[in-house]
Amino acid sequence: MYRLRLAPDNTSIPFMKGRFAGLITSAVLSIASIILFIYPGLNYGIDFVGGVVIEAKTPDAANFSALRGSLGQLGLGPVSLQQFGSPQEVLIRFERQPGGEKAQQVAVEKVRGALARDFAGTQVRRVEAVGASVSHELYVNGMLALSLAVVAMLLYIWFRFEWQFGFGAVVTLLLDVTKTVGFYAVTDIQFNLTSIAAILTIMGYSINDKVVVYDRVRENLRLYKKLPLRALIDRSINETLNRTLGTSMTVFLACLPLALFGGEALEEFAWVLLFGIVIGTSSSIFIAAPILLFLGEGRLRRGAARDVVETGEAKAGTPDAPAA
Amino acid sequence: MLYFARWKIYTIIGVCLAGVLFTLPNFLGRDFANSLPGWLPHRQIHLGLDLSGGSYLLLEVDMAAVVKERLGNLQDAVRTQFRTADIGYVNLANDEHAVTFTLRDLKDRDEALRLLGTLSSTPLAGGQPELQIDIGSDGNGSISVTDAALHDKAARAVEQSIEIIRRRIDETGVNEPTIARQGEQRILVQLPGVDDPDRIKRLLGQTAKLTFRLLGPDTDAASGRAPPGFELLPNADVDRRGVPDSGPARYLVRKRIEVDGSNLVDARSGPSSQNADWVVNFEFDSVGARRFADVTRNNVNRPFAIVLDNKVISAPVIREPILGGRGQISGHFTAQSANDLAVLLRAGALPAPLTVIEERTVGPDLGADAIRAGIYSILVGFVLVVTYMALAYGLFGLMANVALVFNLILTLAVLSLLQATLTLPGLAGILLTLGMSVDANILINERIREETRKGKAPFSAMEAGFRRAFATIIDANLTTLIKMLLLFSLGSGPVKGFAVTISFGILASFFTATVVARLMMVSWLRWRRPTVLPV
Numbered sequence: 465m466y467r468l469r470l471a472p473d474n475t476s477i478p479f480m481k482g483r484f485a486g487l488i489t490s491a492v493l494s495i496a497s498i499i500l501f502i503y504p505g506l507n508y509g510i511d512f513v514g515g516v517v518i519e520a521k522t523p524d525a526a527n528f529s530a531l532r533g534s535l536g537q538l539g540l541g542p543v544s545l546q547q548f549g550s551p552q553e554v555l556i557r558f559e560r561q562p563g564g565e566k567a568q569q570v571a572v573e574k575v576r577g578a579l580a581r582d583f584a585g586t587q588v589r590r591v592e593a594v595g596a597s598v599s600h601e602l603y604v605n606g607m608l609a610l611s612l613a614v615v616a617m618l619l620y621i622w623f624r625f626e627w628q629f630g631f632g633a634v635v636t637l638l639l640d641v642t643k644t645v646g647f648y649a650v651t652d653i654q655f656n657l658t659s660i661a662a663i664l665t666i667m668g669y670s671i672n673d674k675v676v677v678y679d680r681v682r683e684n685l686r687l688y689k690k691l692p693l694r695a696l697i698d699r700s701i702n703e704t705l706n707r708t709l710g711t712s713m714t715v716f717l718a719c720l721p722l723a724l725f726g727g728e729a730l731e732e733f734a735w736v737l738l739f740g741i742v743i744g745t746s747s748s749i750f751i752a753a754p755i756l757l758f759l760g761e762g763r764l765r766r767g768a769a770r771d772v773v774e775t776g777e778a779k780a781g782t783p784d785a786p787a788a
Numbered sequence: 075m076l077y078f079a080r081w082k083i084y085t086i087i088g089v090c091l092a093g094v095l096f097t098l099p100n101f102l103g104r105d106f107a108n109s110l111p112g113w114l115p116h117r118q119i120h121l122g123l124d125l126s127g128g129s130y131l132l133l134e135v136d137m138a139a140v141v142k143e144r145l146g147n148l149q150d151a152v153r154t155q156f157r158t159a160d161i162g163y164v165n166l167a168n169d170e171h172a173v174t175f176t177l178r179d180l181k182d183r184d185e186a187l188r189l190l191g192t193l194s195s196t197p198l199a200g201g202q203p204e205l206q207i208d209i210g211s212d213g214n215g216s217i218s219v220t221d222a223a224l225h226d227k228a229a230r231a232v233e234q235s236i237e238i239i240r241r242r243i244d245e246t247g248v249n250e251p252t253i254a255r256q257g258e259q260r261i262l263v264q265l266p267g268v269d270d271p272d273r274i275k276r277l278l279g280q281t282a283k284l285t286f287r288l289l290g291p292d293t294d295a296a297s298g299r300a301p302p303g304f305e306l307l308p309n310a311d312v313d314r315r316g317v318p319d320s321g322p323a324r325y326l327v328r329k330r331i332e333v334d335g336s337n338l339v340d341a342r343s344g345p346s347s348q349n350a351d352w353v354v355n356f357e358f359d360s361v362g363a364r365r366f367a368d369v370t371r372n373n374v375n376r377p378f379a380i381v382l383d384n385k386v387i388s389a390p391v392i393r394e395p396i397l398g399g400r401g402q403i404s405g406h407f408t409a410q411s412a413n414d415l416a417v418l419l420r421a422g423a424l425p426a427p428l429t430v431i432e433e434r435t436v437g438p439d440l441g442a443d444a445i446r447a448g449i450y451s452i453l454v455g456f457v458l459v460v461t462y463m464a465l466a467y468g469l470f471g472l473m474a475n476v477a478l479v480f481n482l483i484l485t486l487a488v489l490s491l492l493q494a495t496l497t498l499p500g501l502a503g504i505l506l507t508l509g510m511s512v513d514a515n516i517l518i519n520e521r522i523r524e525e526t527r528k529g530k531a532p533f534s535a536m537e538a539g540f541r542r543a544f545a546t547i548i549d550a551n552l553t554t555l556i557k558m559l560l561l562f563s564l565g566s567g568p569v570k571g572f573a574v575t576i577s578f579g580i581l582a583s584f585f586t587a588t589v590v591a592r593l594m595m596v597s598w599l600r601w602r603r604p605t606v607l608p609v
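Going line by line, the protein sequences match chains A and B. For the record, in the first sequence the residue sitting at position 203 is 667 according to our numbering, with numbers rising by one throughout. For the record, in the second sequence the residue sitting at position 160 is 234 according to our numbering, with numbers rising by one throughout.
Simulated from the structure, these hints should not be mistaken for lab results. In this text the structure is predicted, and so the values were computed from the model without any measurement. Keep in mind that a hint or two might mislead.
What the hints assert, rightly or not - With a straight-line Cα cutoff of 30 Å, these simulated DSS-like cross-link-like pairs (lysine-lysine) come out:
#	chain 1	residue 1	chain 2	residue 2
1	B	Lys528	A	Lys521
2	B	Lys528	A	Lys481
3	A	Lys574	B	Lys528
4	B	Lys528	B	Lys385
5	B	Lys385	A	Lys574
6	B	Lys530	A	Lys566
7	B	Lys275	A	Lys690
8	B	Lys329	A	Lys689
9	A	Lys566	B	Lys275
10	A	Lys566	B	Lys528
11	B	Lys530	A	Lys689
12	B	Lys181	B	Lys275
13	A	Lys566	B	Lys385
14	B	Lys82	B	Lys275
15	A	Lys690	B	Lys329
Unchecked claim - Derived CB-CB ranges, DEER-like:
#	chain 1	residue 1	chain 2	residue 2	range
16	B	Lys142	A	Leu538	39 to 49 Å
17	A	Gly536	B	Ala92	52 to 62 Å
18	A	Ala530	B	Glu258	37 to 47 Å
19	B	Ser563	A	Glu559	41 to 51 Å
20	A	Ala530	B	Asp443	18 to 28 Å
21	B	Gln493	A	Gly564	31 to 41 Å
22	A	Ser476	B	Leu581	49 to 59 Å
23	A	Pro523	B	Tyr450	24 to 34 Å
24	B	Tyr450	A	Glu601	45 to 55 Å
Using N, Cα and C, we set each Cβ at its ideal position, and we do this for glycine too.
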C-alpha cells in the first residue's frame with residue numbers, strides 16, 4: 465500500500481539540540497519585526513486610519529498620468545493610484561480628509577464627479593469611505609480582539625495544562641504575532657480589518673498546533689516517569705511530527721488557491737495565512753517546546769507512581785477497551 | 075467508542091440527509107426555491123453586500139445639533155420669561171454647552187429659579203429633570219441639558235430617524251433595505267443592489283424640516299443684525315456663484331413657527347402652470363389647515379416664508395386667505411428636485427441631521443467576480459486537500475473526505491437555516507475550514523497508525539485512536555472557537571462573516587470528523603474484519 469508520508473515513521477530527530485538556535489533566530493526575527501513596525505511602520509488601510517478608496521474600471525487601459533492630473537486638482541491631498549488585475553482596473557486612494565466626518569463624503573462626490581466628467585464610461589466598482597471616529601473604533605476594537613485572544617489562550621491552556629504550558633504557548637504566540645506583523649511591514653500589504661482576522665486565524669492555528677504537541681508531552685509525562693524531560697519532549701515532537709506536518713499541509717493546500725487567484729481582497733489575506741502556517745508550525749517545534757523544557761525541568765508533574773516501562777509499551781494507563 | 079446504537083446510526087444519517095436538504099435551495103434559483111411547497115426547506119444563505127453588490131452606510135445622528143437647537147430655544151424662552159416677570163438680567167448667551175446669564179439683582183434669584191424650573195420638558199423615565207439649572211450667589215446663572223436627558227434625546231432621535239429613513243428609502247424603490255440601530259447614536263443602512271447611493275445619501279442628508287413663518291418688517295435685511303425673535307436666513311434659491319436668482323440673499327424671518335411640516339398629509343410634485351419649472355403641491359391635515367387659514371386671513375398682502383432646513387425656498391406674498399388647506403411650493407425646481415422634496419415632505423422631518431461616517435459600496439459585477447474567484451478557490455482547495463488525504467491515508471483518507479463533504483454541506487445548511495450572511499471573508503473562512511477540519515481526521519488516523527504499529531489488533535487500535543485523539547481535538551477546536559467568538563463580537567461587517575463561517579465550520583467538523591467518519595470506519599471494520607488496518 466502506498467502512503468504519502470511527509471516524514472518517515474519512527475523518526476528520532478533530536479530537536480531540542482537546536483533549542484538555542486531556534487529561540488535566538490526567533491527572537492532576532494521578532495525584534496526586527498518590532499523595529500519595522502515602529503519604523504517605517506505598517507501600511508494601514510482605511511479601516512484603521514480613515515480615508516477614501518475607490519475602485520474604478522476605465523473603458524480602455526487606464527491612463528495614469530491623466531488620472532493623476534484630473535484627481536490631483538480636486539484639492540484632496542496626495543492621490544495614490546494602483547493598478548491591479550487588468551490594465552483597466554485602478555485603485556484610487558486618498559488619505560483621510562481633514563474637516564470632520566462630512567469631508568469624506570464630499571471627497572467621494574468630487575472623485576465620482578471628476579471621473580464622470582474627465583473619463584466618460586468609467587465604472588465606479590467599489591467605494592469605501594471611513595471617517596475618523598469609525599476608523600479609530602475599528603482600530604481599538606481590533607487591538608482589543610487581539611489582546612483578549614492572547615489572554616483567553618493563556619487562561620485556557622493554563623486551565624487545561626499547567627502554567628508552564630500556558631506560559632510557553634503564549635510567549636510563542638506573541639513571537640508568532642510579531643513576526644506576522646513584521647511580514648506586513650516588509651511586504652507593505654495593507655493592514656486593515658481583514659488583517660486582524662488573519663492574525664487571529666494564525667493565532668488559532670498556531671495554538672492548535674501547540675496543543676497537539678503539548679498534549680503528547682503531557683501524555684508521555686504520565687507514561688515515562690524516568691525519561692529526562694529533554695528526551696521526552698523530543699520523543700513527543702517526533703511522535704506527532706507526521707500529524708503536525710500533515711495538518712500544515714492541508715491548511716496550506718486549502719489556502720494556496722486563494723493566494724493564487726482569490727481576487728484582490730483575498731489574495732493578500734491568503735499570503736499572510738500561508739506565512740503564518742509556516743511560522744506557526746515551526747514555532748511549535750523550535751519555540752514552544754524549548755520554553756517548556758526550560759521552565760519545566762524538574763518541575764513538571766509526572767504521573768502517579770506507576771510501574772512504567774521505558775520501552776514505550778504502557779502497562780499502566782487505562783486498559784484498552786475490548787473490541788465491541 | 076466503536077459501538078453505535080441503532081437509533082444513533084439513524085440519527086447520524088438523518089442529520090446528514092437534513093444537511094443536504096437544507097443546503098439544496100442555495101443551488102436552485104431564488105424564484106424556484108420560493109416556489110417549492112412550504113414543507114420543503116427553501117431558505118437560502120444571504121449574500122453580503124460585498125458579494126451581491128450594494129451599499130452600506132453608517133449614519134450618525136448629530137447630537138450636537140440637537141443640543142444646539144434646544145439651547146437656542148431655551149435662550150429665547152429665558153428672555154421671554156424674564157421680560158414678562160420683569161426680572162433684570164444681562165449677558166444672556168449660549169455657548170453650545172449651556173445658556174448663561176447674569177441677574178442684575180440677587181433678590182430675583184428665587185423667582186428666577188421658579189420660572190426657569192417650568193422650562194424643563196417632561197421629566198425622564200427615571201424621574202430625573204431634563205435641565206440642570208444653577209444660579210450662583212454672584213447672580214451668574216447657567217442652564218444645561220443633563221447627561222441623562224442627552225442619552226434620552228439620542229435614543230429617541232435614533233428611533234424616530236430609523237422610521238423616517240425607512241419611509242424615505244421605501245419611496246426610492248430599493249429592494250429589502252436593512253435599517254437598524256447601531257450603538258447609541260448610529261444607524262446602519264444596507265441597500266442591496268445600489269451601486270451609486272448618491273441620491274439616497276442626498277435624501278438622507280437633509281433633515282427636511284419645513285416651516286411656514288412670517289417675514290420681518292424690513293424684508294430687505296441684507297445687512298445688520300436680527301432683532302430678538304427674528305433671524306436672518308439665507309435664500310435657498312441661489313445659483314452656483316452664490317448669487318440669488320430672485321429675491322435678496324438673506325431674509326429676516328420671524329422665529330415663531332406658524333405651521334410646520336408635521337401637519338402635512340400629502341405632498342406631490344407637478345409641473346408649474348406658469349412656467350417650465352416644477353412645483354410641489356401639498357395638503358395640510360385639519361389642524362394645519364385651520365392654522366394656515368388663520369395666519370393667511372390675518373396677514374393678507376404681507377409676505378411669508380417657506381423655510382426648509384433653515385433656508386428660505388420661497389417668500390410669496392399672501393394675496394388672499396388660503397382656506398382649503400392646500401398650497402404650492404415653487405422655487406425653481408427641476409422634475410427631480412421637486413420629486414425629492416415631495417418624498418422628503420411625505421416621509422417627515424428627521425429630528426436631527428445625519429452624517430454618513432462610513433460608506434462601503436460595491437458594484438454588482440465586482441461582487442460577481444468575487445464570488446467566482448471564491449468558488450474556484452474553494453473547488454481547487456477542496457481537490458488538493460482531498461487528494462492529499464487519499465494519498466496519505468488510503469481508504470480511511472477517502473472516508474475522511476466523505477466526512478469533509480458532509481462538513482461543507484452541514485456548514486452551508488446551518489448558514490441557510492439561520493439565513494446568515496455570507497461575505498467575502500466568509501468565503502475565505504469556508505476554505506480555511508476545509509483545511510482545518512481534516513486536522514481531526516489526521517489526528518485520529520495518525521493515532522490509529524501509531525497504535526497499529528505498536529502491534530494492537532484492528533479493533534483496539536481504532537478504539538484507542540479515537541479515544542486518545544478526542545481530547546486533543548476538543549482542545550484544538552475550542553481554542554479556535556474562542557478566537558472566532560472574540561472576532562465576532564469585536565469585528566465589524568464582513569469580518570464578522572469570517573468568524574461565523576469558521577465557527578459553524580468547526581462545529582460541523584466536530585460532528586463529521588469524529589462521528590460521521592467513525593461510523594463509516596467502524597461499519598467497514600465490522601463488514602470486512604481485516605487483520606491489519608489499512609492506515
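Now for the hints, and whether the structure bears them out:
1. B:Lys528 to A:Lys521: The hint is violated at about 63 Å.
2. B:Lys528 to A:Lys481: holds (27 Å)
3. A:Lys574 to B:Lys528: Not satisfied, since the Cα-Cα distance of roughly 73 Å exceeds 30 Å.
4. B:Lys528 to B:Lys385: Violated: Lys528 (chain B) and Lys385 (chain B) sit about 88 Å apart, past 30 Å.
5. B:Lys385 to A:Lys574: Holds: Lys385 (chain B) and Lys574 (chain A) sit about 24 Å apart, inside 30 Å.
6. B:Lys530 to A:Lys566: Roughly 72 Å separates the two Cα atoms, so the pair is violated.
7. B:Lys275 to A:Lys690: It is violated: about 73 Å lies between the C-alpha atoms, which goes past 30 Å.
8. B:Lys329 to A:Lys689: Distance ~90 Å between Lys329 (chain B) and Lys689 (chain A) Cα, so the pair is violated.
9. A:Lys566 to B:Lys275: holds (12 Å)
10. A:Lys566 to B:Lys528: violated (70 Å)
11. B:Lys530 to A:Lys689: Judged against 30 Å, a Cα distance of about 23 Å means the pair holds.
12. B:Lys181 to B:Lys275: With a Cα-Cα distance of about 54 Å, the restraint between Lys181 (chain B) and Lys275 (chain B) is violated, given a limit of 30 Å.
13. A:Lys566 to B:Lys385: holds (20 Å)
14. B:Lys82 to B:Lys275: Given that 30 Å is the threshold and the Cα spacing comes to 56 Å, the pair is violated.
15. A:Lys690 to B:Lys329: violated (92 Å)
16. B:Lys142 to A:Leu538: 39 to 49 Å: Violated - the Cβ-Cβ distance for Lys142 (chain B) and Leu538 (chain A), about 31 Å, lies outside 39 to 49 Å.
17. A:Gly536 to B:Ala92: 52 to 62 Å: Holds, since Gly536 (chain A) and Ala92 (chain B) (Cβ atoms, about 59 Å apart) stay within the stated range.
18. A:Ala530 to B:Glu258: 37 to 47 Å: Holds: the Cβ-Cβ distance is about 45 Å, inside 37 to 47 Å.
19. B:Ser563 to A:Glu559: 41 to 51 Å: With a Cβ separation near 30 Å, Ser563 (chain B) and Glu559 (chain A) fall outside 41 to 51 Å, so the hint is violated.
20. A:Ala530 to B:Asp443: 18 to 28 Å: holds (25 Å)
21. B:Gln493 to A:Gly564: 31 to 41 Å: holds (37 Å)
22. A:Ser476 to B:Leu581: 49 to 59 Å: Distance hint for Ser476 (chain A), Leu581 (chain B) is violated at roughly 38 Å.
23. A:Pro523 to B:Tyr450: 24 to 34 Å: holds (26 Å)
24. B:Tyr450 to A:Glu601: 45 to 55 Å: violated (35 Å)
In summary, the numbered hints that this structure violates are 1, 3, 4, 6, 7, 8, 10, 12, 14, 15, 16, 19, 22, 24.
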